[in-house]
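Student: Chain by chain, the residues run as shown.
Number of protein chains: 2
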Amino acid sequence: MPPRRPRHRTVQGPAVIYGRVALIGLGLIASSMAHAMRRGGLAGEIVGYARTAATRDVAREIGLCDRVVDSAREAAEGADLVVLCVPVGAMGVVAAEIAPVLKPGATVSDVGSVKRAVIEAVEPHIPAGVHFVPAHPLAGTEYSGPRSGFATLFDNRWCIVVPNGADRAAADRLGDLWRGMGANVDEMDADHHDQVLAVVSHTPHLIAYTMVGVADHLENVTDSEVIKYSASGFRDFTRIAASDPTMWRDVFLTNRDATLDILGRFAEELFVLQRAIRMGDGQHLFDYFTRTRAIRRGIVEAGQDTAAPDFGRVPGPVA
Amino acid sequence: MPPRRPRHRTVQGPAVIYGRVALIGLGLIASSMAHAMRRGGLAGEIVGYARTAATRDVAREIGLCDRVVDSAREAAEGADLVVLCVPVGAMGVVAAEIAPVLKPGATVSDVGSVKRAVIEAVEPHIPAGVHFVPAHPLAGTEYSGPRSGFATLFDNRWCIVVPNGADRAAADRLGDLWRGMGANVDEMDADHHDQVLAVVSHTPHLIAYTMVGVADHLENVTDSEVIKYSASGFRDFTRIAASDPTMWRDVFLTNRDATLDILGRFAEELFVLQRAIRMGDGQHLFDYFTRTRAIRRGIVEAGQDTAAPDFGRVPGPVA
Numbered sequence: 001m002p003p004r005r006p007r008h009r010t011v012q013g014p015a016v017i018y019g020r021v022a023l024i025g026l027g028l029i030a031s032s033m034a035h036a037m038r039r040g041g042l043a044g045e046i047v048g049y050a051r052t053a054a055t056r057d058v059a060r061e062i063g064l065c066d067r068v069v070d071s072a073r074e075a076a077e078g079a080d081l082v083v084l085c086v087p088v089g090a091m092g093v094v095a096a097e098i099a100p101v102l103k104p105g106a107t108v109s110d111v112g113s114v115k116r117a118v119i120e121a122v123e124p125h126i127p128a129g130v131h132f133v134p135a136h137p138l139a140g141t142e143y144s145g146p147r148s149g150f151a152t153l154f155d156n157r158w159c160i161v162v163p164n165g166a167d168r169a170a171a172d173r174l175g176d177l178w179r180g181m182g183a184n185v186d187e188m189d190a191d192h193h194d195q196v197l198a199v200v201s202h203t204p205h206l207i208a209y210t211m212v213g214v215a216d217h218l219e220n221v222t223d224s225e226v227i228k229y230s231a232s233g234f235r236d237f238t239r240i241a242a243s244d245p246t247m248w249r250d251v252f253l254t255n256r257d258a259t260l261d262i263l264g265r266f267a268e269e270l271f272v273l274q275r276a277i278r279m280g281d282g283q284h285l286f287d288y289f290t291r292t293r294a295i296r297r298g299i300v301e302a303g304q305d306t307a308a309p310d311f312g313r314v315p316g317p318v319a
Numbered sequence: 001m002p003p004r005r006p007r008h009r010t011v012q013g014p015a016v017i018y019g020r021v022a023l024i025g026l027g028l029i030a031s032s033m034a035h036a037m038r039r040g041g042l043a044g045e046i047v048g049y050a051r052t053a054a055t056r057d058v059a060r061e062i063g064l065c066d067r068v069v070d071s072a073r074e075a076a077e078g079a080d081l082v083v084l085c086v087p088v089g090a091m092g093v094v095a096a097e098i099a100p101v102l103k104p105g106a107t108v109s110d111v112g113s114v115k116r117a118v119i120e121a122v123e124p125h126i127p128a129g130v131h132f133v134p135a136h137p138l139a140g141t142e143y144s145g146p147r148s149g150f151a152t153l154f155d156n157r158w159c160i161v162v163p164n165g166a167d168r169a170a171a172d173r174l175g176d177l178w179r180g181m182g183a184n185v186d187e188m189d190a191d192h193h194d195q196v197l198a199v200v201s202h203t204p205h206l207i208a209y210t211m212v213g214v215a216d217h218l219e220n221v222t223d224s225e226v227i228k229y230s231a232s233g234f235r236d237f238t239r240i241a242a243s244d245p246t247m248w249r250d251v252f253l254t255n256r257d258a259t260l261d262i263l264g265r266f267a268e269e270l271f272v273l274q275r276a277i278r279m280g281d282g283q284h285l286f287d288y289f290t291r292t293r294a295i296r297r298g299i300v301e302a303g304q305d306t307a308a309p310d311f312g313r314v315p316g317p318v319a
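Residue numbers (our numbering), protein chains in the order written: chain R, 1 to 319; chain W, 1 to 319.
Careful: at least some of the hints might be erroneous.
[Claimed, not checked] Pairwise CB distance ranges (calculated): (1) W:ALA128 x R:HIS284: 52 to 60 Å; (2) W:GLY280 x R:GLU187: 28 to 36 Å; (3) W:ASP287 x R:THR52: 14 to 22 Å.
[Said to hold, decoys possible] Computed footprint of chain W on chain R; a stretch qualifies when at least three of its residues, placed anywhere within it, have a C-beta under 8 Å from a C-beta of chain W: (4) 40-54; (5) 58-67; (6) 166-178; (7) 189-198; (8) 222-232.
Read the hints as simulated data drawn from the structure, not as lab findings. From the three backbone atoms N, C-alpha and C, an ideal C-beta is built for every residue, glycine too.
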């Protein structure tokens, strides 16, 4: 009975979850959201804004949104959903700017990697009658900017929604949007989110940045040697150490306590292993390395990585 | 004029580099060598030996070698090239065992991740008239055993040959074999090899094992949360922390000094970043994260990794 659902078109139809969606900030996540919302026909209209004119120009050139406007306020005005896709440190300023024009009944969300600090920065600005539902899609690549997005980025990845006391229907509706963009949705409170992310994302990134920095500072091993021989382990670190510096600076500044807690534990465990190496305690090393394999198997079984040989990587062209 | 070269057959022909090759140990590297030598028609005959009967049975079942024999000595006898593909800690014992049967003019090589310790363990057993040319192919996956090998593992990867004063012709011939298996070949002295590998491989592996261990030991974040949300960075660590525990135990015990040196530098740099987080020094973090991006670009440009979105990974099946 219902008409065939139009796909790959952003017209009003049975799949539309928000009539107008405003994306503030047009980097990797926002541009992937634009593609994924279009793929699913989830938004009646997508309006975008980015801080720099250069980014707005690119977004217009590639037709990323239905409209790209020249202020956050203009983007937010009349939107049913406003998603803050800016670095965590900029969320508060943007929220203050758009607050006066938010439509009653609208939802404000974000995609920041830290949730407690975003809530503290944004919540005070949200007017009565507007729903604030923070969220965080756990997906990314090493690329940034409006050209880096693609429709499948969120497929089979997780998006954590932090209802934070918001209206149940508003939180469910945001969850529907993320499911429509391909993600699995979990709910969590802000502090637990920040602890989990400190383990699975923030500390690994800091460690990767550190290891790449160590390699860069050596006197007796050249950068070109490090690059040539990187397939033996190091490249897995450089991959996550290539992410956007502004975003990561803000993550560490705003999830300070949880990150410092995990870093402290990390240093402890590293020193125990370092001591085992120094003392020649092979049994300790062997037992430790055996236990960590189980977690890896779990990740492959959970569909969060490929088990393909060479990690699914295509060898590059022979020089 | 010359007849068409038979490919994918291990018969004597223009591409054959060694008449008979003995592989001692039949794990990932040896089984990949068997496939790659067959692909290139590089060996007249491939003879294999593994310590456990179970591994020998699997190798026979899948036809990995032309012959699988029941002792290292039987495999080495009459071979033109003997490749020790056992954990670094077992190299000396195997060398002592096969020494009496080595053919004059034969070459002994290995694929160990550490070179100085292998030279110290193996060289004293090598009889006069036999060439000892250590080597180390920088390639791997997280899998082990005779079924894990595949012919393309070494394609466009690097193999470091350590001539260690050996006969020039013997070192060149071994280089030809590795090039025939798809690898690029570099030569290096043993100590420099061990320093380079401590940076690009050994320390990153130890750090990855440590990070996975930290995640496993947390009270307030469950293993299943770590697994579910691993796509946000953590999985890149688990990937290299899933490698063979015996192999890695031996690496750290035998490349102790270089690894401890890099670990010391790593701890220093990590503490500087940790302090910047604690003090809220965003400029320091931003500058550090910006510098590390350049190394990543170099690796992609050098063809040692893919620049594909989502790192070339295929999203797993939706649960």
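Student: Looking only at beta-carbon atoms, does the pair W:ALA128, R:HIS284 fall within the given range of 52 to 60 Å?
Tutor: The hinted range 52 to 60 Å is violated for W:ALA128 and R:HIS284, with Cβ atoms some 41 Å apart.
Student: Taking 8 Å as the Cβ threshold, is the statement that the region 222-232 of chain R is covered by chain W upheld or broken by the three-residue rule?
Tutor: With 10 residues close enough to chain W, the hint holds.
Student: If you count the residues of the region 189-198 of chain R with a beta-carbon closer than 8 Å to a beta-carbon of chain W, do you get 3 or more?
Tutor: holds (count 4)
Student: Take a look at whether the Cβ-Cβ distance between W:GLY280 and R:GLU187 falls inside 28 to 36 Å.
Tutor: holds (31 Å)
Student: With a C-beta cutoff of 8 Å, work out whether three or more residues of the region 58-67 of chain R approach chain W closely enough for the coverage to hold.
Tutor: It is violated, with 0 qualifying residues against the three required.
Student: Quick check: do three or more residues in the region 40-54 of chain R have a beta carbon closer than 8 Å to a beta carbon of chain W?
Tutor: violated (count 0)
Student: Tell me whether the statement that chain W covers the region 166-178 of chain R is true, taking a Cβ distance below 8 Å and needing three residues at minimum.
Tutor: violated (count 0)
Student: Could you tell me whether the CB distance from W:ASP287 to R:THR52 stays inside 14 to 22 Å?
Tutor: At 21 Å between Cβs, range holds.
In summary, the numbered hints that this structure violates are 1, 4, 5, 6.
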